[in-house]
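Protein chains in written order, with numbering that gives the first Met the number 0: chain P, 0 to 40; chain G, 0 to 165.
For the record, the hints were derived by calculation from the structure and aren't laboratory data. All of these numbers come straight from a predicted model, not from anything done at the bench. Only true hints are included.
Chain P side only, calculated, beta carbon under 10 Å to chain G, not exhaustive:
| id | residue |
| --- | --- |
| 1 | Ala10 |
| 2 | Leu12 |
| 3 | Val19 |
| 4 | Gly23 |
| 5 | Ile26 |
| 6 | Arg40 |
Backbone N, C-alpha and C define an ideal beta-carbon position, used for all residues, glycine too.
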Amino acid sequence: MASAKQTKEDANLKGTLIMVMILGVIILVFWFGIYGLFLSR
Amino acid sequence: MHLHKYEKVWLVFGLGSLALFLIIIGFAAFWKGTHPQSHIETIDPQNVEANEAFQPENLGLTEVAEGKYVVNMVASAFNYDFGKEEDGSATKTIRVPKGSTVLFQITSKDVVHGFQVAGTNVNMMVEPGHISRFEAVMKNNGEFTVVCNEYCGIGHHLMFGTVEVY
Chain P
0 MASAKQTKED ANLKGTLIMV MILGVIILVF WFGIYGLFLS R
Chain G
0 MHLHKYEKVW LVFGLGSLAL FLIIIGFAAF WKGTHPQSHI ETIDPQNVEA NEAFQPENLG
60 LTEVAEGKYV VNMVASAFNY DFGKEEDGSA TKTIRVPKGS TVLFQITSKD VVHGFQVAGT
120 NVNMMVEPGH ISRFEAVMKN NGEFTVVCNE YCGIGHHLMF GTVEVY
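With the rest of the complex left out, here is chain P (with noise of 0.2 Å):
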């Protein structure tokens, strides 16, 4: 939990960012293989 003097400013989100970033990643990977396995049969 982020102190109650800390602002949102210099909340620390790098950690957040790279999480997010992971999971949308393998989200396109996993939709766009999929559709072109749709495509391919």
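Given chain P, put chain G in place with the hints provided.
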């Protein structure tokens, strides 16, 4: 409202992906004709022969034009009726050349069945009272097993056939 700059990054990324998926699906549905297999076209399941396509002599594979085929089938517990061979025995294998466009038309006389040509995109539910249609281009060579993928009763596992693309 103040947004952290990273929040803006993932919002744009998330909304952008959503928009991209919707555009591709919209293109497939409206320009490429990808749609559900049932067209709300009804048929009397007690009397499927009333429809020309499902009369016994019209079952099975018919070439309607160069490279275009129609396959009429009737599913019932626990069999797919693919018509008859010249010697009078029941057809179990549908043979089509590679690259041909095949329209599969099927209906059920009794309960809900499935019609899946495993390894291809041909996969439909077969409901009594409805006609299911799926047109596919057979792009790949091989022998594909047709399976019933809706549990239809004690002999469910005995419902199968073959589509051979040569």
